[in-house]
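Q: Next come the chains, spelled out residue by residue.
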Amino acid sequence: MQPRPFVSRTADSIPPSGIREFFDLVATQDDVISLGVGEPDFPTPWKICDAVVDALRRGVTSYTSNYGLLELREAIAEDIYKRYGVEYDPGREILITAGVSEGMDVGMRAILDPGDEVIVAEPCYVSYKPCVVFAGGVPVVVATSADNDFRLQAAQIQEALTPQTKALLIGYPNNPTGAVMSRPELAQLAEIAEQHDLLVISDEIYGHLTYEGQHTCFSSLPDMKPRTLLLNGFSKAYAMTGWRIGYACGPAPIIEAMMHIHSYTALCSSVLAQVGAIEALRNCEAEMTEMIAQYDHRRRLFVNGLNEIGLPCFEPRGAFYTFPSIQGTGLSSGKFSQALLLEEKVATVPGDAFGECGEGYIRCTYASSIDQLKEALSRMAQFLDKLDSGKLPVSYA
Amino acid sequence: MQQVLEILAQQGPVDPSEIATRLDRPVDEVEALIRQAQEEGILLGYRALINWEKADGEKIYAFISVEATPEHNRGFDKIADYVSHFDEVHSVYLMSGISDLTVVVEGSDFREIARFVAEKLAPIPGVRSTATSFVLKTYKMEGEIVAEEAGNHRLAVSP
Ligand SMILES: Cc1ncc(COP(=O)(O)O)c(C=O)c1O
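Protein sequences, first through last, are from chains X and L. Residues 1 to 397 (the numbering used here) make up the first sequence, in order. Residues 1 to 159 (the numbering used here) make up the second sequence, in order.
The following block holds chain L by itself, in its conformation from the complex:
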């Protein structure tokens, strides 16, 4: 399954028959593995990777370090789940280190994100402090280097 997942992670949806050829496995086996990965919540879906800094309708992101009070028996699960349900929230991680949660928030401008933090995130019971860091420029995302392509310098025909 690992190899199939790696292809999907790199390329997004790929026809099972192509994966089968590349890995030299029967198509049914590949189809079954993909189905299994979906059923077990391993393969969650496919998304396009977009560099919003280049697109017209700009989106900006902030990484927010949140200190929270853990609950008896449930730790940070409940508060993290609560935070996850806001549309503005792109991802939520439990962290080691100084803060407890890192919340990635998406918005169309700085003000919108600032308002979200002040009005929605900070007031949540159990949230003790927030520290907001805005993303100013993206260099690499999801394993892809965003910088200008190096370009292809190969000759068209060589020995």
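Chain X on its own, in the form it takes in the complex:
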């Protein structure tokens, strides 16, 4: 008997991320300069690796508390207090997760009932909407635009509100645009959250990577701590993407519910990653600061370069992405990225992978060496010349 299709309708309803498809194409090409990555090019600071190797030798290989090692939760609480002045109780208000990815998933499952709506600002990180859907919620998209430097406007939220709206999901500094939101702008969102009794899920994984001005932690806004589920992690700031370690901070009942789910589905985060995270917080401020300084150099160089070769790019003030417009070329994002890859071997990600409103843009990561960035810019300039002079095969159009 032919087995029936076993995959659930929910799983089936989520298309693979546009990034996955593009990845398969890139894999067929040689000598590619990749601006398509979403992770640091630095290795994890050596001290962190050393601390973990040492822990392994000492036999630190067991399960931890479902919440995560208390020492790590304490270090996180201290770090947040030091940077943003918000106090979290390491005992009840912090959960260690396998990256923001797991925090997002467990967080959604902890707060959503079927039909609950979550307002999601696009373009955004690819996993936001799927996490809402997998948890039985309904994502309601609002589109930010280049006119506002991709910042979410309070009025847009007002329009998207319905009686079912339960939460607002934001991620600033933003992947893919590099946009940041200032404290007064976030305060406007806070006001709406207060008026309409919403939870704000704030993905601040790029918080440390803020190049101009200070990052505002959403829960540091007046009265917002009880309404904020703060998600953060070590992947970007400490160059620890493969370690899978992050954390969620929020009101005790939400964290407890998340811990409950996490205790059945993950049990606990990897103990070694937790040990590494403790070392990161305790001893790697200097390493992190140096990486951020390097990203900042590359950011200026690359943004300047994009504007010079004729791909207008608003100034990204956080994360490590640029989001130049390719509308002037008349190509769609997908076609542009594909043609640039095949013609000049530069991998970028089509903007529509991050939401429909990302169409007309491409995401270029500047977490690459200065030499690679310069080479990529020169290849891109050459590509644009070919486009202008009609020398590209028609199949791209």
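Hints in this document: simulated from the structure, not taken from any laboratory. Just so it is clear, the structure is predicted and the values come from calculations on it, not from any experiment. Cβ atoms here follow ideal geometry from the backbone N, Cα and C, with glycine treated the same way. Don't take each hint at face value.
Examples of chain L residues toward chain X, derived with CB under 8 Å [unchecked claim]:
id : residue
1  : 22
2  : 28
3  : 75
4  : 78
5  : 81
6  : 89
7  : 108
8  : 155
9  : 158
10 : 159
Chain X is fixed; fit chain L with the ligand onto it per the hints.
A: Leaving out everything else, chain L with the ligand in the frame of chain X:
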């Protein structure tokens, strides 16, 4: 100036306009800072960093601890300056601790360096003793780890 120097120290000669963009400063200012650093003897020049152990024409290095007799009013300056003028000498440092000077000597083989020490360095008036240690393998030089590159394990495209 510190930031400009750090870029040059890390990367060697870099176009002033690139430095200006990276630091978000005007180009003239960067050019002026570089000129100033040169004039004040802060920026001495640019060299390539070469792992001679891998190159064909091999060079070897020795670190020589030198005990010397200091001179009235001039300490070790005169003898250190004298030693510095030999072509074989790569660098010379005044040290705290047991020996007085550390002299780094470059040569094409062990014999050449041994001869330099016996015939040129040791006989210098004021040099009381020398202890020669040859470099057998380089692990890190000028801030660069020489070991095999870890390689890039990043995927070409990721979220
Ligand atoms: C905005 C954003 N949130 C979350 C993640 C996932 O982070 P983690 O490695 O902590 O799961 C990423 C990774 O690219 C991201 O860009």
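Q: A separate judgement is required for each hint: does it hold in the structure or not?
A: Cross-check of the supplied hints:
1. A hinted interface residue such as residue 22 (chain L) counts as satisfied when its beta carbon comes closer than 8 Å to some beta carbon of chain X; here the least separation is about 4 Å, so the hint holds.
2. Because the beta carbon of residue 28 (chain L) sits about 17 Å from the nearest beta carbon in chain X, more than 8 Å, this interface hint is broken.
3. At about 36 Å, the closest approach between the beta carbon of residue 75 (chain L) and any beta carbon in chain X exceeds 8 Å, and the interface hint on this residue is violated.
4. A least Cβ separation of about 40 Å between residue 78 (chain L) and chain X goes past the 8 Å threshold, and the interface hint is therefore violated.
5. Contact between residue 81 (chain L) and chain X, as hinted, is not supported at the beta carbon level, the nearest pair being about 37 Å apart and thus beyond 8 Å.
6. Evaluation of the residue 89 (chain L) hint against chain X yields a violated restraint, the C-beta minimum of about 34 Å exceeding 8 Å.
7. Below 8 Å, beta-carbon pairs count as interface contacts, and residue 108 (chain L) has none with chain X, the closest being about 33 Å; its hint is therefore violated.
8. Checking residue 155 (chain L) against chain X: minimum C-beta separation of about 7 Å stays under 8 Å; hint holds.
9. The beta carbon of residue 158 (chain L) is positioned within 8 Å of a beta carbon in chain X (closest approach about 5 Å), and the interface hint is therefore held.
10. The beta carbon of residue 159 (chain L) comes within 5 Å of a beta carbon in chain X, closer than 8 Å, and the hint placing it at the interface holds.
Consistency with the previously given hints fails for numbers 2, 3, 4, 5, 6 and 7, ordered from lowest to highest.
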